[in-house]
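Chain residues, written in single-letter form:
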Amino acid sequence: MLLVSERAGCDNSTMIHRSLKALLLLSVGLLVCCGKKNDPEDMNTELRDSEAVVPGTEVELLPDDPGEGGWETESWSAEIQTQLNRIKSALLDGNIESALAGIETEGCQSTRLVPQKREEFGDRVSRLPAGTEEAPAESFAQALVELRELFSQSPRHASAKIVGISSAGNNKADTRVAFQIDAAGIQVNSQWDCRWQQEGRDWKLASIRLAEFEEVRVPAGAFADATESAAGQDTTFREQFYRSQDHWMACIEMRMGIDISGWQGLAIADIDGDGLEDIYVSQPGGLPNRLYRHRPDGTLADVSAKFGVDWLDTTHGSLFADLDNDGDPDLLVGAADGIIIMENHGGFQFEVVATKLLPAGLAYSIAAADIDQDSDLDFFVCGYTPRAGVSRHHVFVHPVPFHDANNGGRNALFRNDGDWRFTDVTRATGMDEKNTRFSYAATWEDYDLDGDLDLYLANDFGRNSLYRNDFSQSGRVRFTDVADEAGVVDIAPGMSACWGDYNNDGHADLYVGNMFSSAGNRIAVQPEFLAGADAATRGEFLRHAGGNSLFKNTGDGKFADVGKQLGVSGGRWAWSSKFADLDNDGWQDIVVANGFITQEDTGDL
Amino acid sequence: MSQSPLGEEPKPGSTYIDAFGELAQRIRKGASFSGRERNCAFLNLGGKSFADASAALGLDLEQDSRGIALCDWDQDGDIDLWMTNRTAPRIQFMRNESAAAGKNSVAFLLVGDLLGGCPLDAAGARLVLSVGGTDRVQTVHLGDGFLSQSSRWLHFGLGEFGKIDRVVVHWPAGEAEAFEGAEVGGRYLLKQLTGKAAAAQRRGSKVLEIKELVLPEPTELARIWLSEPADLPTDLTIPNLPNGPALLNLWASWCAPCLAELKAFGAADGLPIVPLNTENLEGNEGISAKKANAILKSAGIEQAGGFADTKLIEALDKVITDRIYRHRNMPLPASFLLDKDRRVRVIYKGKVEVATVVADLKKLSEANINPRDAAVPFSGRWSDGIFKKHPIAVAGTYREGGYDDDAREYLQRSLANVGGENAGGKLRLADVHMRLGDIDRDAGKHESAINHYRLAIAGNPQLMPARIFLTLSLAEAGRSEEALQMVANLKAVSPGNPNFLNVEADVHRALGNEAQAATGYRAVLAINHRYIPAIEALTAILATSADAGIRDGVEAVKMAEHLGGAPGARVNPRFLLTIADAYAESGNFDTALHEAGNALKYLLPYGDDQKISRLQKRIFRFKERKPYHVEQD
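Residue numbers (the numbering used here), protein chains in the order written: chain A, 773 to 1377; chain R, 3 to 635.
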């Protein structure tokens, strides 16, 4: 593609930098300025006695100005957020009238915030029908009282996020606010259009309109945390996993390969054929990977050292796969230096039988399939950064160009040649095209139902790839990246991918987890953002902040992104995502793991 | 424009790098970045739309979550979740309570069969379940999401449907197969080629209780054993530092835990403690020496104390920040165990037990401590020695993947580091040149290859492959006199050695002297009639020489039969093609086509375009009942 720098010319480079910096720094800026200082309760009791710190060594968070990126609306956004937080608290506490005194302008207009007419979706979900204008409420406070009355018990949690903001002239600002409030078994998701009037230092609510409303009711207690009863009796689990990555970042030297980001996954398989599935968990450098056997009573038993799989090397991804077709799962460990391949001996021990270095890549997700129909499993490894040891301790790599980077590590496809020999066939099979795009995740599926397995690849910063396998047609294991023509390029920071048939039409659809940034969305839509860049590039930047994608397989080799339309794009800063029929109704639901880095400074923004 | 991150490699000092750097610094100092986000769960409303039910379902965990692995852990008929998190707990188990007593779902474990062309794990197998006139499809995935692998069991929710109409598995590389006998609520093994759903044994019905998860309080206490000693600047003043190991202890009179710790130190025998008061930093007169000493004395500390100055604090702080990512401030108390060479070995943030210090002091004096094992909080194994990481192994990795340019670059860079004047260094250098020669020879860069092989031989005169490949490279470069001279030299080393005779024949062949080459290969075979390279080369010459006087179909077929008996020959496309050429030359085109077809079968999946196209042309030729001769390619 054409590079923005060439088109935009020198004059605009400052603007480009400003825009980029805004995208990168804004979220942090907002969090910092609104957050609390270090909470003394987080200090160890013994130290708290005197809050003892050597004078002069205290670390203060840098003060940050949300307007620093050059976006005036970001300052407004931060100020308006404090008002929204008041509304949130009032709803949770229930003393609405008194808590909201002075939050409105004289003559503030409010529609009802709970719609009178609803569109029903089964017995669990109802919505404000699209295009419906809700009737005026007696008052804003009354509208909130009605909202709260949906809850028979006190709501447990609420959140209000500004997802769009623009100036309306004369010290006025319009915001789109995503408002959510919930309790066990019930949740209300709504979108409010709010107009704010600046009066003195405060922004006051001049009008509020219900734009979207969804009420979900499910049996309370569908999911519950059973970690303690499954694992709490195991010492290794308590000592190692009841502590956060931040805890270990304060005890383990960086040179051991520990990373702040916590990019560690897990793999499930029945290692000993007892009908109970067991778990292998990756750990950062300096902490040993763990293998937990599943005991008949449902609890975990640590067998890591006994089974020889307690690797201290940094590990991100690992995978169980029966590579020798003897009926038990063998283990692939994506360690700092490469892939450790371990044979399962009768479910009692794993032995290193081979290793593979990567041709300039640090292993992330691993996915196995028989790509050449010779009845053994081959495997693909995402090699996110170019070399082990180069950037693995850093939080960030330096993608170039930012929105479509191709300076990452190489991925590798290994062919199983039997007798624990594996050959890198990435280039030989045509997969070395677009092969250095900071790949995080890969998954196999015969999306075109031609009888061979194809691979979808989620890339951070850049275009994703759909490698179509042509083995069934040609007898050749040749992969062609057809992401463009299939419509699954998804130019957004891709973190994860999974296949599943969400509409039960027999074709595998695709869900891709991306980064969703409220700040990015607020900024990237504004005309000043990347002024001077062409529309296509601006569009790509906007897509970058746009969230997850659900690609509907239309059965003709093409896909349509229905994520926004179907309401599954807002997965926040997503990592793993997965189709799963959570409620056994025969339709594939979606779960998304998210959140980048939570430290002590923030409230729930 | 020169610094634009959109177009070029970012340079240090550019706004772009600065932006990332600034963000990274903020995070290190404790800022969140997209933190406190709640995990999401979207309920599928009949395929038409989804509802955000994260909170209602109880899946809206505030963790920084990463991996998700699904499985019906308690085998009660619904899908449970195992997750990994960055925040504590770093592994979390979410039990699903949705199943109506296990009666609205069915689960299958697919097992492939090699006779059916499918790996046992059945990756990619697709199950079509028909209920109520609709089809539900799921595929076996080995790895998906992000860094995650879910169970291989396929779990189907059935909603209101009380009957399964049909179960069909589409095995990869195999036929579709229907399975009989599956009923609602069951768990079944579907073994390929059996056609029967076999009931799987069910786990005990014990259900994990929901107990409150009580995590330990976060702590800033830390004992950090450094994997490599940290030097302190030489110009530091450390008052009253004893000879031998020492425990620097930072304290203040207003710090209760410090005083308690000093008392414990004072009660212990012979700790080499150096108490350093921190109240007079930056010229503050926080406490008098007299008062400080009185406090130490009352704590039972015999040693003379002193005051830490700013420079010392900064140096100690730097030792921590150089090694440890997360370090906010220097707590009080804090202690540093120094070895006899005044290097920091262990850091104690917060109060430390005397027993810990005593044990660490003892450990310091032990010779056989693996410094890295001592520095990790839990035992485990390192992959040391498991990976071969020397330059030749790394270059081999690149070569295997077809990344010859990277291999060359890597080896060239390594030339500066291997080598050295000692014998070992020279041998290693020779090996690197040898590999560089191979890469260049494969790329047709004969002169460069010749140069590398010569350097290899200079470094290791015993490196026979370098001599052989130098000889061949010279021949390939058309430098016939030098090549033949090399051959003469080789033969002089070991007359009658078939390896060298074979090289001589190869040289003749490379120089276009096929008659001499054929004679040479025959000489090799006279010594060792199972010398495969000579059999292959001679077969090829007899079958495909441009010179009709050299060609001999009958002898070629005889040789080809030998070649076909070589280990691995029946799956080696190059050998099979040579065999086909021999039959074609003898006029037996049916066998030629059969063997060429075999060659294509093995070449096709992974062969490069050029080789495949050449082979396909050959097959076309044989179909026209024409043999192949060299000038015709």
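By construction, these hints were calculated from the structure, which means they are not laboratory data.
A hint or two may mislead.
Simulated pairs of lysine-lysine, BS3-like, Cα-Cα distance not exceeding 30 Å [to be verified]:
{"no.": "1", "chain 1": "A", "residue 1": "Lys1206", "chain 2": "R", "residue 2": "Lys50"}
{"no.": "2", "chain 1": "A", "residue 1": "Lys944", "chain 2": "A", "residue 2": "Lys933"}
{"no.": "3", "chain 1": "R", "residue 1": "Lys390", "chain 2": "R", "residue 2": "Lys364"}
{"no.": "4", "chain 1": "R", "residue 1": "Lys364", "chain 2": "A", "residue 2": "Lys1206"}
{"no.": "5", "chain 1": "A", "residue 1": "Lys1078", "chain 2": "R", "residue 2": "Lys208"}
{"no.": "6", "chain 1": "A", "residue 1": "Lys889", "chain 2": "R", "residue 2": "Lys50"}
{"no.": "7", "chain 1": "R", "residue 1": "Lys391", "chain 2": "A", "residue 2": "Lys1078"}
{"no.": "8", "chain 1": "R", "residue 1": "Lys560", "chain 2": "R", "residue 2": "Lys603"}
{"no.": "9", "chain 1": "R", "residue 1": "Lys208", "chain 2": "R", "residue 2": "Lys198"}
{"no.": "10", "chain 1": "A", "residue 1": "Lys933", "chain 2": "R", "residue 2": "Lys31"}
{"no.": "11", "chain 1": "R", "residue 1": "Lys50", "chain 2": "A", "residue 2": "Lys1336"}
{"no.": "12", "chain 1": "R", "residue 1": "Lys390", "chain 2": "A", "residue 2": "Lys1078"}
{"no.": "13", "chain 1": "A", "residue 1": "Lys1206", "chain 2": "R", "residue 2": "Lys613"}
{"no.": "14", "chain 1": "A", "residue 1": "Lys1330", "chain 2": "R", "residue 2": "Lys50"}
{"no.": "15", "chain 1": "R", "residue 1": "Lys31", "chain 2": "R", "residue 2": "Lys50"}
{"no.": "16", "chain 1": "R", "residue 1": "Lys364", "chain 2": "R", "residue 2": "Lys320"}
{"no.": "17", "chain 1": "A", "residue 1": "Lys1078", "chain 2": "R", "residue 2": "Lys265"}
{"no.": "18", "chain 1": "R", "residue 1": "Lys625", "chain 2": "R", "residue 2": "Lys447"}
{"no.": "19", "chain 1": "A", "residue 1": "Lys933", "chain 2": "R", "residue 2": "Lys50"}
{"no.": "20", "chain 1": "R", "residue 1": "Lys31", "chain 2": "R", "residue 2": "Lys105"}
{"no.": "21", "chain 1": "R", "residue 1": "Lys365", "chain 2": "R", "residue 2": "Lys265"}
{"no.": "22", "chain 1": "A", "residue 1": "Lys1206", "chain 2": "A", "residue 2": "Lys944"}
{"no.": "23", "chain 1": "R", "residue 1": "Lys391", "chain 2": "A", "residue 2": "Lys1206"}
{"no.": "24", "chain 1": "R", "residue 1": "Lys320", "chain 2": "A", "residue 2": "Lys1206"}
{"no.": "25", "chain 1": "A", "residue 1": "Lys1078", "chain 2": "R", "residue 2": "Lys365"}
Against the structure, the hints come out as follows:
For a cut-off of 30 Å, the pair hint linking Lys1206 of chain A to Lys50 of chain R is broken: about 34 Å separates their Cα positions. Distance restraint check for Lys944 of chain A and Lys933 of chain A: the Cα-Cα separation of roughly 19 Å lies within the 30 Å cut-off, and the hinted pair is therefore satisfied. At most 30 Å may separate the alpha-carbon atoms for a hinted pair to count; Lys390 of chain R and Lys364 of chain R exceed this at roughly 35 Å. Between Lys364 of chain R and Lys1206 of chain A the alpha-carbon distance is near 55 Å, which puts this suggested pair outside the 30 Å criterion.
Only pairs whose Cα atoms come within 30 Å are accepted, and Lys1078 of chain A paired with Lys208 of chain R is accepted, the gap being roughly 27 Å. Straight-line distance between C-alpha atoms of Lys889 of chain A and Lys50 of chain R comes to about 20 Å, which keeps the hinted pair within the 30 Å bound. Taking the CA atoms of Lys391 of chain R and Lys1078 of chain A, the gap is near 27 Å; set against the 30 Å cutoff, the hint holds. For a cut-off of 30 Å, the pair hint linking Lys560 of chain R to Lys603 of chain R stands: about 24 Å separates their Cα positions.
This hinted pair checks out: Lys208 of chain R and Lys198 of chain R have alpha carbons roughly 29 Å apart, not beyond 30 Å. Between Lys933 of chain A and Lys31 of chain R, the direct Cα distance comes to roughly 25 Å. Compliance with the 30 Å bound is thereby established for this hinted pair. In summary, the hint linking Lys50 of chain R to Lys1336 of chain A is supported, as the alpha carbons are separated by about 12 Å, within the 30 Å threshold. For the hint linking Lys390 of chain R to Lys1078 of chain A, the alpha-carbon distance of about 25 Å falls within 30 Å, and the restraint holds.
For the suggested pair Lys1206 of chain A and Lys613 of chain R, the alpha carbons sit about 24 Å apart, so the restraint of at most 30 Å is met. As the CA atoms of Lys1330 of chain A and Lys50 of chain R are separated by approximately 19 Å, the hinted pair is consistent with the 30 Å bound. For the suggested pair Lys31 of chain R and Lys50 of chain R, the alpha carbons sit about 45 Å apart, so the restraint of at most 30 Å is broken. For the hint pairing Lys364 of chain R with Lys320 of chain R, the CA-to-CA distance comes to about 26 Å; that is within 30 Å, so the pair holds.
At roughly 43 Å between alpha-carbon atoms, Lys1078 of chain A and Lys265 of chain R are farther apart than 30 Å, so this suggested pair is violated. Between Lys625 of chain R and Lys447 of chain R the alpha-carbon distance is near 37 Å, which puts this suggested pair outside the 30 Å criterion. Taking the CA atoms of Lys933 of chain A and Lys50 of chain R, the gap is about 26 Å. The hint holds against a cut of 30 Å. For the hint linking Lys31 of chain R to Lys105 of chain R, the alpha-carbon distance of about 52 Å lies beyond 30 Å, and the restraint is violated.
Of the pairs offered as hints, the one joining Lys365 of chain R and Lys265 of chain R holds, with about 24 Å between alpha carbons and a cut-off of 30 Å not exceeded. Of the supplied pair hints, the one linking Lys1206 of chain A and Lys944 of chain A is violated, its CA atoms being roughly 47 Å apart against a limit of 30 Å. Restraint check: the Cα-Cα separation between Lys391 of chain R and Lys1206 of chain A comes to about 26 Å, which is no more than 30 Å; the hinted pair holds. Taking the CA atoms of Lys320 of chain R and Lys1206 of chain A, the gap is near 42 Å; set against the 30 Å cutoff, the hint is violated.
Note on Lys1078 of chain A and Lys365 of chain R: the hinted pairing holds, with a Cα-Cα distance of about 26 Å set against a maximum of 30 Å.
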